[in-house]
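Below, each chain spelled out in residue letters.
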Amino acid sequence: MSNTSKQSGSLRRYILTRIALAVPMVLILLILVFVMMRVAPGDPISSSQGGKLNATELAARRHAAGFDAPLYQQFWDYLKSVVTLNFGTTFSDRRSVRDIIIENGGATLTLTAGALVFAAVIGIPVGLLAGRYRDRPVDVLSRLASTISYASPVFVTAPLLMLAFGTTSGQASPLIQLNVPTQTHILIVDAALDGDWDAVTDILQHLLLPSIALGLLIVGVFIRMIRINLIQSLQGDYIEAARARGVRERHVVARHGFRNALVPVITVLGLQVAMLLGGAVLTEKIFNWPGIGRQLIDYINQRDYVAVQGIVTVFALVVVVISLLIDFVNALIDPRVRY
Amino acid sequence: MTEPVLSVRDLRVWYGTDRGPVRAVDGVSFDVRPGETLGLVGESGCGKSTLGRGVLGLTPPAAATDGEVVLRSPGGAGRNLVGLPARELQKLRGPDLGLIFQEPMTRLNPLMRISQHFEEALRAHHKGLPKKEIRARALEALRGMGIPESRYTSYPHEFSGGMRQRIMIALALVLRPAFIVADEPTTALDVLVEAQIIKILADLRKNFDTSLVLITHNLGIVAEACDRVAVMYAGHIVEQGDAREVFANPQHPYTRELLRSTISLATTGLHFIPGSPPDLVEPPRGCRFHPRCPVAMRGCAEIEPPEVLLPTGVTSACWQQALPADPSLVEEFGPDGREPLHAVEEISVADEA
Numbered sequence: 001m002s003n004t005s006k007q008s009g010s011l012r013r014y015i016l017t018r019i020a021l022a023v024p025m026v027l028i029l030l031i032l033v034f035v036m037m038r039v040a041p042g043d044p045i046s047s048s049q050g051g052k053l054n055a056t057e058l059a060a061r062r063h064a065a066g067f068d069a070p071l072y073q074q075f076w077d078y079l080k081s082v083v084t085l086n087f088g089t090t091f092s093d094r095r096s097v098r099d100i101i102i103e104n105g106g107a108t109l110t111l112t113a114g115a116l117v118f119a120a121v122i123g124i125p126v127g128l129l130a131g132r133y134r135d136r137p138v139d140v141l142s143r144l145a146s147t148i149s150y151a152s153p154v155f156v157t158a159p160l161l162m163l164a165f166g167t168t169s170g171q172a173s174p175l176i177q178l179n180v181p182t183q184t185h186i187l188i189v190d191a192a193l194d195g196d197w198d199a200v201t202d203i204l205q206h207l208l209l210p211s212i213a214l215g216l217l218i219v220g221v222f223i224r225m226i227r228i229n230l231i232q233s234l235q236g237d238y239i240e241a242a243r244a245r246g247v248r249e250r251h252v253v254a255r256h257g258f259r260n261a262l263v264p265v266i267t268v269l270g271l272q273v274a275m276l277l278g279g280a281v282l283t284e285k286i287f288n289w290p291g292i293g294r295q296l297i298d299y300i301n302q303r304d305y306v307a308v309q310g311i312v313t314v315f316a317l318v319v320v321v322i323s324l325l326i327d328f329v330n331a332l333i334d335p336r337v338r339y
Numbered sequence: 001m002t003e004p005v006l007s008v009r010d011l012r013v014w015y016g017t018d019r020g021p022v023r024a025v026d027g028v029s030f031d032v033r034p035g036e037t038l039g040l041v042g043e044s045g046c047g048k049s050t051l052g053r054g055v056l057g058l059t060p061p062a063a064a065t066d067g068e069v070v071l072r073s074p075g076g077a078g079r080n081l082v083g084l085p086a087r088e089l090q091k092l093r094g095p096d097l098g099l100i101f102q103e104p105m106t107r108l109n110p111l112m113r114i115s116q117h118f119e120e121a122l123r124a125h126h127k128g129l130p131k132k133e134i135r136a137r138a139l140e141a142l143r144g145m146g147i148p149e150s151r152y153t154s155y156p157h158e159f160s161g162g163m164r165q166r167i168m169i170a171l172a173l174v175l176r177p178a179f180i181v182a183d184e185p186t187t188a189l190d191v192l193v194e195a196q197i198i199k200i201l202a203d204l205r206k207n208f209d210t211s212l213v214l215i216t217h218n219l220g221i222v223a224e225a226c227d228r229v230a231v232m233y234a235g236h237i238v239e240q241g242d243a244r245e246v247f248a249n250p251q252h253p254y255t256r257e258l259l260r261s262t263i264s265l266a267t268t269g270l271h272f273i274p275g276s277p278p279d280l281v282e283p284p285r286g287c288r289f290h291p292r293c294p295v296a297m298r299g300c301a302e303i304e305p306p307e308v309l310l311p312t313g314v315t316s317a318c319w320q321q322a323l324p325a326d327p328s329l330v331e332e333f334g335p336d337g338r339e340p341l342h343a344v345e346e347i348s349v350a351d352e353a
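Residue numbers (my numbering), protein chains in the order written: chain A, 1 to 339; chain B, 1 to 353.
Derived by calculation from the structure, the hints in this document are not laboratory data. Keep in mind that this is a model prediction, so the values were computed, not measured. It cannot be assumed that every hint is accurate.
[Unchecked claim] Label pairs and their computed distance ranges (CB to CB):
| id | chain 1 | residue 1 | chain 2 | residue 2 | range |
| --- | --- | --- | --- | --- | --- |
| 1 | B | T17 | A | L21 | 44 to 54 Å |
| 2 | B | A64 | A | Y133 | 19 to 29 Å |
| 3 | A | Y133 | B | G78 | 29 to 39 Å |
| 4 | A | Y133 | B | P85 | 33 to 43 Å |
| 5 | B | T17 | A | Y133 | 15 to 25 Å |
| 6 | B | A223 | A | I19 | 54 to 64 Å |
| 7 | B | A64 | A | A254 | 23 to 33 Å |
| 8 | B | A64 | A | V321 | 19 to 29 Å |
| 9 | A | A254 | B | A77 | 28 to 38 Å |
| 10 | B | G78 | A | A254 | 26 to 36 Å |
| 11 | A | I15 | B | T187 | 37 to 47 Å |
| 12 | A | Y133 | B | P148 | 40 to 50 Å |
Note that CB positions come from ideal geometry on N, CA and C, so glycine has one too.
Just chain A, with the same shape it has in the complex (with noise of 0.2 Å):
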């Protein structure tokens, strides 16, 4: 009983530990967001209205938004915006980044939730049979398209889907007005407390296409990681051991191969988050899929600085965040992590 009560502590310094490094991290991110965000040249009211307003009347539209303050001062705000979780007001629609953020947050998580989930239903099973059938045809094609999903970008892969499928799955007709009040901005989830399964079917309908487009950008480093790890737990010692217990090849390949292949993979997750994200942008955009992403390109074409960079800082702690929890399963799945 001790021993589990002294596994526990362990693992409660270890998360604390976690946490406090992701500090400092987070800090670095913040400079580097706003830093980026200042070294472009151009701010929204040049941009906006250049041109139609003369050098004077510029410039006093400029102080009055505060973007003539000396660059700390603009630093001060920034950071005082994130600490209080409100990442500013937007310049082009006067908007609350937060507002952005909990109204179009929904679809985003929807779609990435997709994409991953599409890559872990392919990814999976097929990472699996390719490593434990190695060099056998499996392997071979499973190999093939891997590499050929992981080098297709987004805005090859999307239109393509789109021409081939785009008027089958549904995807062209405009969804259903939706008459369901809002819980959690979640729409799907929304649709389905309120009971309304034809308007969870027709998001469903919608969500196919892209969630495959954005799942197909991660779903061969799934394949690949998978495979290799596969391979290399089955050459494991432990896995001849085991063997040689005379435990059942089924047994031994499930229990010891499966689930030491599968830990890196989970590491592997929490960077393929950050480019799921990055992949949502543009999915979003291209199938006009109603999340941040879709909002985001339209206002860096706006230069809006206070609403890119609320909106890149969101995702950047959401990256942040993220890699933490992938941690934290982790050390709850190999005792080694916790130290």
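With the hints as your guide, set chain B onto chain A.
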């Protein structure tokens, strides 16, 4: 004399490679009787480990096994393990045939508790064994190895190498096999732990009448722990017999060279056998040891020596014993067969120069 638990006859294990088959074990025969420990010695790369794996049918898929490995359960008839369906062989591994490995550090699944390893091993052979019974049997085996009950639910990384090896032995013993192959069980451990493990293996034989094949390149261990010894070279057993007899009076030149190479307090200069074991894809013609043998004769490079049973009960596969034992072979050996081989080679080298 009691019937052997395990009789190996003309066992061959060949690995397929791009260059052709590697004859890692090439026609090996030996018996192990109940409670007997057979030491299997030889340099690295002589096929010792492959022989151990071959007995349990644990060779990789690219290997072909041929010959006979007959396992006799007490009072039962013998079964040839070679060619047995994988499922049948798997049932025998554990309760009948045990294997202890060289490097204990990596032999336990890092994600499984020690308790789960025992549960898995016991459930594999005793379906529906209640958890309480599993725990009791596992703890008994662990206690025998000096692992306290409080560590039962620990993970492998929480143990030292010596403890892990004792856990591995407990895992093999919990299924009470009558026959165990121990493949260099102490090579990765320090000297004190080594003595401990050897003592454990010796007790095993005393208490449970377990038969053991102890693979090692440490001749000291053989002298101390083995009843009989088989010396392996390049896939063959070159000398086999009572451990004391072989050590006191080694017959095969390879055994002699091996014994001369051991280090003791009296050692003044290190002796080694020049060269290394041959390539097993294309082993040398004749006696496989002849290129390194200090007493090789011309005939040794041409004809493979037969195995000769000497009056002491030791068998040796060397022309030095075969020629006096069977005069009819002399003719086959050729008229100048007894000329020393290496002197001849030296001259030819000089000629070329």
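(request) Check each numbered hint against the structure and report the violated ones by number, ascending. (result) Numbers 4, 8, in rising order.
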